[in-house]
Structures are given as structure tokens and as C-alpha cells.
Amino acid sequence: MVSTRFLMISILFIGLSIFMVAFLYLPYLTNVFVEIDPSYAYLQLPGLIGIYLTLIPFCYALYQSFLLLRYIEQRNVFSLHSAKALKSIRSCAFVIAGFYIVGCIFFFTQNALHPSLLLISVAIIFVCFVISVFSGLLQALLTSAVEIKEENELTV
Numbered sequence: 001m002v003s004t005r006f007l008m009i010s011i012l013f014i015g016l017s018i019f020m021v022a023f024l025y026l027p028y029l030t031n032v033f034v035e036i037d038p039s040y041a042y043l044q045l046p047g048l049i050g051i052y053l054t055l056i057p058f059c060y061a062l063y064q065s066f067l068l069l070r071y072i073e074q075r076n077v078f079s080l081h082s083a084k085a086l087k088s089i090r091s092c093a094f095v096i097a098g099f100y101i102v103g104c105i106f107f108f109t110q111n112a113l114h115p116s117l118l119l120i121s122v123a124i125i126f127v128c129f130v131i132s133v134f135s136g137l138l139q140a141l142l143t144s145a146v147e148i149k150e151e152n153e154l155t156v
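Quick note: the sequence shown uses our numbering, first residue 1, plus one each step.
Bear in mind the hints are in silico, worked out from the structure with no lab data behind them. Treat the hints with care, since some could be wrong.
[Unchecked claim] Each pair of labels, with its calculated beta carbon distance range: (1) Pro-46 <-> Ser-17: 19 to 27 Å; (2) Pro-115 <-> Ile-9: 34 to 42 Å; (3) Val-127 <-> Phe-6: 37 to 45 Å; (4) Asn-111 <-> Leu-141: 41 to 49 Å; (5) Ala-145 <-> Val-122: 48 to 56 Å; (6) Ser-79 <-> Leu-24: 32 to 40 Å; (7) Arg-75 <-> Gln-110: 47 to 55 Å; (8) Ser-79 <-> Phe-19: 45 to 53 Å; (9) Leu-80 <-> Phe-33: 40 to 48 Å; (10) Pro-115 <-> Leu-26: 17 to 25 Å.
[As the list claims (entries may be wrong)] Okay, derived cross-link-like pairs now, EDC-like style, lysine to aspartate or glutamate, Cα gap no bigger than 20 Å in a straight line: (11) Lys-84 <-> Glu-73; (12) Lys-87 <-> Glu-153; (13) Lys-149 <-> Glu-73; (14) Lys-84 <-> Glu-150; (15) Lys-84 <-> Glu-147.
Every residue, glycine too, gets a C-beta built ideally from N, C-alpha and C.
Between the sequences and the hints, there should be enough to build the whole structure, so can you do that?
Written as C-alpha cells, this is what we have:
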């Protein structure tokens, strides 16, 4: 199907874009911030490590989204595999939100939580919670649909 192919290409593009920003632009950006205010140089490495750690669940969620699109393409969407993929996406969103909450607490304890950093972090945390709630809702609906499908197959 054309729409699933477009979504698969979009997922690949999102993943590549995030990797390019994380590995090419963020180190440069942190160096600029250290040049502006050298007193925060000790936070450069922990900040980058925290962002790189969030890439692990993010990439796994992208992979699960890709698998979900393959299930749709194969017309096997009403299966427990799809529900498992949605559960994984939900868990990844929670993990990412947790990383950002811990990061905000860390920067706050270091007296380095700039309001713009807090605003970006809160936005990311909010988006992660929205994704996790929506994935949980879809997972519950899909699990019910799978149960109904199995009941219908048994009655025939």
C-alpha cells in the first residue's frame, strides 16, 4: 500500500534526522554553550550522555512502529504481535519521559536548569505521556479486537 510505504519512509527519515542532529549538531551546540559560559563545561558530557541514552528507546520505538506498519501492510494488524508493538512503544515513551525527568532533576540540583531547557524538557515529557496514553488506548482496543476475532473464529 502506498500510505504504509510513505509512513515507512517517514519513519526512516525521522530516525536519520534525529541521529544527524544528535551526533552532528548537538556536540557543536554544547561547545558553543561552553564557550559562552565556561562555568557550565562540567555539564556538557552528562547532558550529551543523557540525550544519547534517550536515543536507545526512541530508536526501538521507531523500529516497533516500522514493524506495526509491516503488519498493516501484510493485513495482519489484528494480532497479538501488533498489541505487543504498541506496548513496546508505550514503554519506550515512559522511559524517555523518565530520562528527561531525571535530567531535569539533575540540572536543577546543579543550579543549571535554565527556563528554556525546562520548557523544552516539559514539552518532551508531555509529548511522551501523550504517546504512551494513546499507545495504551490503541493496545487495549487492539487486544479487545483480537479477542473478538478469536471468538468469532471459534464459533464458525
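* To do: Give me the numbers of the hints this structure contradicts, sorted from smallest to largest.
  => 3, 5, 8, 12
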